[in-house]
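Protein chains in written order, with this note's numbering: chain X, 5 to 516; chain R, 80 to 417.
Derived by calculation from the structure, the hints in this document are not laboratory data.
Misleading hints may appear alongside valid ones.
As the list claims (entries may be wrong) - Which chain R residues face chain X? A few, computed with CB under 8 Å, are given here:
id : residue
1  : Pro248
2  : Gly251
3  : Thr283
4  : Lys287
5  : Val301
6  : Gln362
Claimed, not checked - Below are the BS3-like pairs computed for lysine-lysine, each with C-alpha atoms no more than 27 Å apart in a straight line:
id : chain 1 : residue 1 : chain 2 : residue 2
7  : X       : Lys222    : X       : Lys288
8  : X       : Lys459    : X       : Lys438
9  : X       : Lys459    : X       : Lys360
10 : R       : Lys312    : R       : Lys222
11 : X       : Lys382    : X       : Lys438
12 : R       : Lys312    : X       : Lys288
13 : R       : Lys312    : X       : Lys382
14 : X       : Lys360    : R       : Lys396
15 : X       : Lys283    : X       : Lys360
Think of the CB as a built atom: it goes at the ideal place given N, C-alpha and C, for glycine as much as any other residue.
In case you want the letters, here they are:
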Amino acid sequence: MVSPQTMRAVRESGATPQSEFLLEISHARKEFPGVVALDDVSLQLKRGTVHALMGENGAGKSTLMKIIAGIYAPDSGNVQLRGIDIRLKSPLDALENGIAMIHQELNLMPFMTVAENIWIRREPLTRFGFVDHHELNRRTAELFARLKIDIDPEIQVSYLSVASRQMVEIAKAVSYESDVLIMDEPTSALTETEVAHLFAIIRDLRAQGKGVVYITHKMSELFEIADEVSVFRDGRYIGTHASADVTRDQIIRMMVGREITQMFPKEEVAIGEVVLSVKNLSLKGVFEDISFDVRAGEILGIAGLVGSGRSNVAETVFGVTPASSGTISINGEVVNIATPTIAIQHGMAFITEDRKETGCLLSLDIQENMQLAVLQDKYSRFGFVSQGELSRTCEDMAQKLRVKTPNLAERVENLSGGNQQKVLIGRWLLTNPKILILDEPTRGIDVGAKAEIHKLVTQLAHQGVAVVMISSELPEVLGMSDRIMVMHHGRATGFLDRSEADQVKIMDLAAR
Amino acid sequence: MTTTSDALATPRSRSRKLPTELSILAVLVGIALVFEILGWIFIKQSFLMNQQRLTIMILQVSVVGIIAVGVTQVIITGGIDLSSGSVVGMTAMIAASFAQSADWARPVYPALVGLPVIIPLVVGLAIGSLAGVVNGSLISYTKIPPFIATLGMMVSARGVAKWYTKGQPVSGLTPEFNFIGSGIWPVIIFLGVAAIFHIGLRYTRYGKFTYAIGANPQAARVSGINIERHLVKVYAIAGMLAGLAGLVTAARAQTAQAGMGVMYELDAIAAAVIGGTSLAGGQGRITGTVIGTIILGTMTSGFTFLRVDAYYQEIIKGMIIVAAVVADQYRQRKRKKV
Numbered sequence: 005m006v007s008p009q010t011m012r013a014v015r016e017s018g019a020t021p022q023s024e025f026l027l028e029i030s031h032a033r034k035e036f037p038g039v040v041a042l043d044d045v046s047l048q049l050k051r052g053t054v055h056a057l058m059g060e061n062g063a064g065k066s067t068l069m070k071i072i073a074g075i076y077a078p079d080s081g082n083v084q085l086r087g088i089d090i091r092l093k094s095p096l097d098a099l100e101n102g103i104a105m106i107h108q109e110l111n112l113m114p115f116m117t118v119a120e121n122i123w124i125r126r127e128p129l130t131r132f133g134f135v136d137h138h139e140l141n142r143r144t145a146e147l148f149a150r151l152k153i154d155i156d157p158e159i160q161v162s163y164l165s166v167a168s169r170q171m172v173e174i175a176k177a178v179s180y181e182s183d184v185l186i187m188d189e190p191t192s193a194l195t196e197t198e199v200a201h202l203f204a205i206i207r208d209l210r211a212q213g214k215g216v217v218y219i220t221h222k223m224s225e226l227f228e229i230a231d232e233v234s235v236f237r238d239g240r241y242i243g244t245h246a247s248a249d250v251t252r253d254q255i256i257r258m259m260v261g262r263e264i265t266q267m268f269p270k271e272e273v274a275i276g277e278v279v280l281s282v283k284n285l286s287l288k289g290v291f292e293d294i295s296f297d298v299r300a301g302e303i304l305g306i307a308g309l310v311g312s313g314r315s316n317v318a319e320t321v322f323g324v325t326p327a328s329s330g331t332i333s334i335n336g337e338v339v340n341i342a343t344p345t346i347a348i349q350h351g352m353a354f355i356t357e358d359r360k361e362t363g364c365l366l367s368l369d370i371q372e373n374m375q376l377a378v379l380q381d382k383y384s385r386f387g388f389v390s391q392g393e394l395s396r397t398c399e400d401m402a403q404k405l406r407v408k409t410p411n412l413a414e415r416v417e418n419l420s421g422g423n424q425q426k427v428l429i430g431r432w433l434l435t436n437p438k439i440l441i442l443d444e445p446t447r448g449i450d451v452g453a454k455a456e457i458h459k460l461v462t463q464l465a466h467q468g469v470a471v472v473m474i475s476s477e478l479p480e481v482l483g484m485s486d487r488i489m490v491m492h493h494g495r496a497t498g499f500l501d502r503s504e505a506d507q508v509k510i511m512d513l514a515a516r
Numbered sequence: 080m081t082t083t084s085d086a087l088a089t090p091r092s093r094s095r096k097l098p099t100e101l102s103i104l105a106v107l108v109g110i111a112l113v114f115e116i117l118g119w120i121f122i123k124q125s126f127l128m129n130q131q132r133l134t135i136m137i138l139q140v141s142v143v144g145i146i147a148v149g150v151t152q153v154i155i156t157g158g159i160d161l162s163s164g165s166v167v168g169m170t171a172m173i174a175a176s177f178a179q180s181a182d183w184a185r186p187v188y189p190a191l192v193g194l195p196v197i198i199p200l201v202v203g204l205a206i207g208s209l210a211g212v213v214n215g216s217l218i219s220y221t222k223i224p225p226f227i228a229t230l231g232m233m234v235s236a237r238g239v240a241k242w243y244t245k246g247q248p249v250s251g252l253t254p255e256f257n258f259i260g261s262g263i264w265p266v267i268i269f270l271g272v273a274a275i276f277h278i279g280l281r282y283t284r285y286g287k288f289t290y291a292i293g294a295n296p297q298a299a300r301v302s303g304i305n306i307e308r309h310l311v312k313v314y315a316i317a318g319m320l321a322g323l324a325g326l327v328t329a330a331r332a333q334t335a336q337a338g339m340g341v342m343y344e345l346d347a348i349a350a351a352v353i354g355g356t357s358l359a360g361g362q363g364r365i366t367g368t369v370i371g372t373i374i375l376g377t378m379t380s381g382f383t384f385l386r387v388d389a390y391y392q393e394i395i396k397g398m399i400i401v402a403a404v405v406a407d408q409y410r411q412r413k414r415k416k417v
């Protein structure tokens, strides 16, 4: 094991040992509480190549990248840079070793200029120790000229469009003169001309012998820019191919090709009347013209990649972000759902995508979390909460859902992901919902708890609840749903019936 | 994921663990004992065995305590209230002008002297609540940070207090009005208010929503809570309690001055934070704040008792407040590691 400082010294002396691979990761494993994000993953990046990483959401690409970029340390496994074992302790370590990353979420400081952003921490100084703005802007202009980027180095970043910011990020990464560049879906904010521009930059870098790790969801980009492609699934490495040797279908099969086991106990449920009917629902700039019906006892699955607008549709139906046009009817009557309170009054329940961000009250205990949605109109007299009655109700619910905890005074942040999710489901079941919207109900929880939650949703359908379930896990959508709506770029690209749906068809509609 | 056996799958009711206030109480006892020992060493006197001293000590912090009860609720929602000290000054001035007795030579409103005591009391609480409603509405509906909204109120309310009589004190208050500041009434009011809001936070929907908003505003919103309206309530209550503190201050001094309550907001925030209320929101209890208030009082009283120079007192007090927040951050970090 060599320290990053030594590596850096070796690299600066120019005596870099020649090895076959620029970067080699072997048998990396990374666990987070409740979930194995990476299991025995290997990756080899050759000099002068663009290596694409593909996989569904949650396949482990992002975790792997963050290990390369020094943000996470792997629990086990090796990272070799130019044939030497290293252990990166921070993103700074990675940068100093010649690994730069372009993050998917932009990391620029909006109230500083473009030049200040690019050279942050590396500002040229005058003799007196002040920042030399002339030199700073000159270097930036030089860098931009090389990359053919047309942005004023002195403009404040907050005035730039998202696409221009992305180009600044790319220039910043290039400015480190790194040997390894990691790009996480760099084109998601770019227009076609800018994509072509980016690809020109990438080809140039490749010609200089640098290695690019390129994460994408877009099949077309893969064939246009990548030399090699590695596919991941469920935190495991599936395989690597030269992109000239594979077809689109082969890659889709590698991405989704797992067996649907007995995990999904789909039962025949009597389907009743239409409970929730959504017509031409739009939210300006986010999604457009979404229409669907859900009947009592029916499970409607919504599939699509992250960013396709799935969650936004759910939030709009529930009144979190009211629609800009379109109608929502419940039991045949058009209702104006302007706030979540109105949605709850109409028998809706919404289990949100992000447990920690919009679900749990982490610093409070289980009962406090569970009772939150019923306090509005039940279990309180003259403003006082009926503690005893509510305690019993919450206990019954926790028992029914098999929340594993010694008692309800346990803080929710001490529970595993699966148990937190059960607490949130409990919160909404206490309201006796007629319509249940689930957004990624089993993300990041283990197999056992997953199966329990699936069973519970099936039971609820049996009781005549209309269920809308958003999920990135195709087997889950296929196994649970009666019908599936697939979304892409804010539009519904198709509806598939249970009998005709399969993973390839869904991926086809979701990633066209 | 816990792989606990099914024996654990049956949750029992909430048996509370030892409350966090116990550690704060231990700090209070520790500080008192240190003063007791230093007292015997340096001035051959007992610190604690002097009922008069203890009474004065708690009387002195009652007003800050009343404010701290309101500020604690604001901090639990994840906000802050910097305006309370100025609201004390403003309500003291305005309420006192309605509490002047008929035989006073230069009343503010010559036509309105010798009014029943209920009128200045209602006026004071109403003015305080109004200031709170303005704070809360600014925060809820213009989305400016609580720090800025209440900073504005802090400056403006102090301005109102000075403008009201062009800086002149308001004196000659009726004995009925002065009564609420006499004897140990301020202490009784402080503890009464603390008891009401202790129950309010723990056993009512109002309290549950307050904690929920501080713990995770998005989750609270998705659960159907009207966050905006609730925040207005919380700031209105904090304002009302600052108004009450203004009444007590004026009654105790038997006069009102525009400079009353300067820096009280910071003492109140300090009391809440020392008492375990997290500035990150979602955590805190009134019992802790009461103990935190008494800790502040004990320190002032103890230093005076030891004849420590007033300048040193302030220096040390500042350090203790910072130490309390450092301890709070440390607690937070430790919690996250679980």
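Subject >> List of violated hint numbers, smallest to largest >> reply: Numbers 1, 2, 12, 14, 15 - these are the hints that the structure violates, sorted from lowest upward.
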